[in-house]
Amino acid sequence: MTYAVQTMVDAVSVGALYAMSALGIGLLFGIMRLINFAQSEFVTVGVYTLMLSAGLWFPFAALLAIVVVVLLALAVERAAFRPVRDADPATLLITSFAVSYLLQYALVLIFGARPIGFDLLPQLGQPVLIGEVRIPRLNIVTIVVTVVLMAAVALFLRRTRIGIEMRAAAVDFRMARLLGVRADRVIAVAFGLSGLLAAVVSVLFAAQTGTASPAMGLQLALVGFVATVIGGMGSLPGAVLGGLAVGAVTVLLQAVLPPDLRVYREAFVYAAVIAVLVLRPQGLFRSAAMRERV
Amino acid sequence: MSLLAVEGLTVKYGPIPALRDVTLGMAEGETLAVVGANGAGKSTLTLAIAGAVRPFAGRITYDGNPLAGLLPEEVTRRGIALVPEGRHIFEGLTVEENLLLGLTARADQASARGALDDIYAAFPILLERRGGLGTRLSGGEQQQLAIARALLSRPRLLILDEPSLGLAPIMVDRVYAILADLRRRGVTLLLIEQNPGRIGEVADRVIVLANGTVQLSGPAAEVLASERLGAAYLGETRGAA
Ligand SMILES: Nc1ncnc2c1ncn2[C@@H]1O[C@H](COP(=O)(O)OP(=O)(O)OP(=O)(O)O)[C@@H](O)[C@H]1O
Ligand SMILES: [Mg+2]
Numbered sequence: 001m002t003y004a005v006q007t008m009v010d011a012v013s014v015g016a017l018y019a020m021s022a023l024g025i026g027l028l029f030g031i032m033r034l035i036n037f038a039q040s041e042f043v044t045v046g047v048y049t050l051m052l053s054a055g056l057w058f059p060f061a062a063l064l065a066i067v068v069v070v071l072l073a074l075a076v077e078r079a080a081f082r083p084v085r086d087a088d089p090a091t092l093l094i095t096s097f098a099v100s101y102l103l104q105y106a107l108v109l110i111f112g113a114r115p116i117g118f119d120l121l122p123q124l125g126q127p128v129l130i131g132e133v134r135i136p137r138l139n140i141v142t143i144v145v146t147v148v149l150m151a152a153v154a155l156f157l158r159r160t161r162i163g164i165e166m167r168a169a170a171v172d173f174r175m176a177r178l179l180g181v182r183a184d185r186v187i188a189v190a191f192g193l194s195g196l197l198a199a200v201v202s203v204l205f206a207a208q209t210g211t212a213s214p215a216m217g218l219q220l221a222l223v224g225f226v227a228t229v230i231g232g233m234g235s236l237p238g239a240v241l242g243g244l245a246v247g248a249v250t251v252l253l254q255a256v257l258p259p260d261l262r263v264y265r266e267a268f269v270y271a272a273v274i275a276v277l278v279l280r281p282q283g284l285f286r287s288a289a290m291r292e293r294v
Numbered sequence: 001m002s003l004l005a006v007e008g009l010t011v012k013y014g015p016i017p018a019l020r021d022v023t024l025g026m027a028e029g030e031t032l033a034v035v036g037a038n039g040a041g042k043s044t045l046t047l048a049i050a051g052a053v054r055p056f057a058g059r060i061t062y063d064g065n066p067l068a069g070l071l072p073e074e075v076t077r078r079g080i081a082l083v084p085e086g087r088h089i090f091e092g093l094t095v096e097e098n099l100l101l102g103l104t105a106r107a108d109q110a111s112a113r114g115a116l117d118d119i120y121a122a123f124p125i126l127l128e129r130r131g132g133l134g135t136r137l138s139g140g141e142q143q144q145l146a147i148a149r150a151l152l153s154r155p156r157l158l159i160l161d162e163p164s165l166g167l168a169p170i171m172v173d174r175v176y177a178i179l180a181d182l183r184r185r186g187v188t189l190l191l192i193e194q195n196p197g198r199i200g201e202v203a204d205r206v207i208v209l210a211n212g213t214v215q216l217s218g219p220a221a222e223v224l225a226s227e228r229l230g231a232a233y234l235g236e237t238r239g240a241a
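Listed in order, the protein sequences are those of chains C and B. Going by our numbering, 14 is the number at position 14 of the first sequence; the sequence numbering is gapless. Going by our numbering, 10 is the number at position 10 of the second sequence; the sequence numbering is gapless.
Computed beta-carbon distance windows for the label pairs: (1) G132(B) x G131(C): 42 to 48 Å; (2) L279(C) x P169(B): 39 to 45 Å; (3) A87(C) x P66(B): 22 to 28 Å; (4) G29(B) x D184(C): 30 to 36 Å.
Some chain B residues well away from chain C (every beta-carbon gap over 10 Å; in silico): (5) K12; (6) Y13; (7) G14; (8) P17; (9) T61; (10) I125; (11) E128; (12) E141; (13) Y176; (14) L182; (15) R183; (16) G200; (17) A220.
Simulated from the structure, these hints should not be mistaken for lab results. Every residue, glycine too, gets a C-beta built ideally from N, C-alpha and C.
Chain C on its own, in the form it takes in the complex (with noise of 0.2 Å):
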């Protein structure tokens, strides 16, 4: 019983990094039909910010972390995305990816391939005991911070005018231009939202693997995008619960699976992804079909 309520908090908190992940790339996806892979080198830059700051007091090493990601990410929109906005979805694809490879060899070349250990807030890693369950403090953070995060992000979408703009221009973007939302600012916020997303998920994967490495991000990206495609591309919510499950079902396969298959477990998933694709290619969590762009 025990074992299986910290493997259930275990899931529910890889689950949330997944799902701010996907959201970062599901944002972007929505507005310009861009998979953005370099989303895996913003978490990565922002570990190394916290790397970077290691010793110093832990918020402003947070915040500093968050301002580096987001700028990097308005940065990398404005110098890579922004001349190639009205190209096909595969230019956009081979752009991210060369962004995706570009920033991870910068970190290559500044900090060799060697990954680098560090302590952030190594009190994060005492567990809580909640009767006779044992759970670590980084889980309950994990998913507390997740939680106010997408509650402020659904907030931002529901409440304000550019919110609005933003699910409008997501969903239809060309009509959300003729009502006259500005192209260069929905992307611009939508890139620096998602570079706020990489940024936490960054702080919480520093806290979790305590080591930077340059590819470290590659697997959170992946999981992101294939959390979209399951929730539905273009889908938010779905993006969200996307990640959840596919984060969810990782950890579980890891408890379930005999130990000479658990090596297998990615290939489960990204079984279980196929399916879903072949059963449910409108996603799990979409009712209507995806809506053509005019």
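Using the hints provided, position chain B with the ligands relative to the given structure of chain C.
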């Protein structure tokens, strides 16, 4: 002086021209109807004026200024609103959120709330359904929402692409009553329809488009009564009524 002047407009999708050397003008306060069969290039004309497709050749001048190179969001701010074919109500957004987006292009945001109240007074069904999803409305209600949303930018030129398409006759009546009212209030209207059917009720002038070129144009009464209307519609004629 004309409010809108389109001169020698050619638009291509790839190598194929959808519009060829189209010239037309609209005076302030006038209602111009453009009719033509499937694929005649009517929607392309509306999108080119609204800045959503780039002309291959020709000029579009609005209120004395060329629109060349302006983004759609800038064209809207100049006072041109397009209600596109198919209405394009935003999926997942409420009726009110759809309407709020119509306010985006307004210069003075201070009057926005009052404008929304005026729209609700003119379109009671939208007030009644304002918290519900826009895409849950019936076709006729969605068309009203699309028109109301466009009006919130307070356009001087309103372009409507096939506003009666797929609507029940009673809803077509409602849409045409709205258009007649707008016309009375001095809004310049560019009305696109496939069939000449009801445009006589509101149009001052009519242009017949076929294969991307102007086949026939003139005062509404003359064009609609012209014996060449049928041939023009099929693209077998050229010139004035
Ligand atoms: N995005 C596009 N890409 C390629 N060709 C297009 C595109 N949009 C329109 N066309 C072509 O351009 C021509 C004119 O199309 P347009 O939509 O302007 O016609 P229309 O008069 O509005 O027709 P309908 O009455 O069916 O709405 C057609 O041959 C159409 O197939
Ligand atoms: Mg059309």
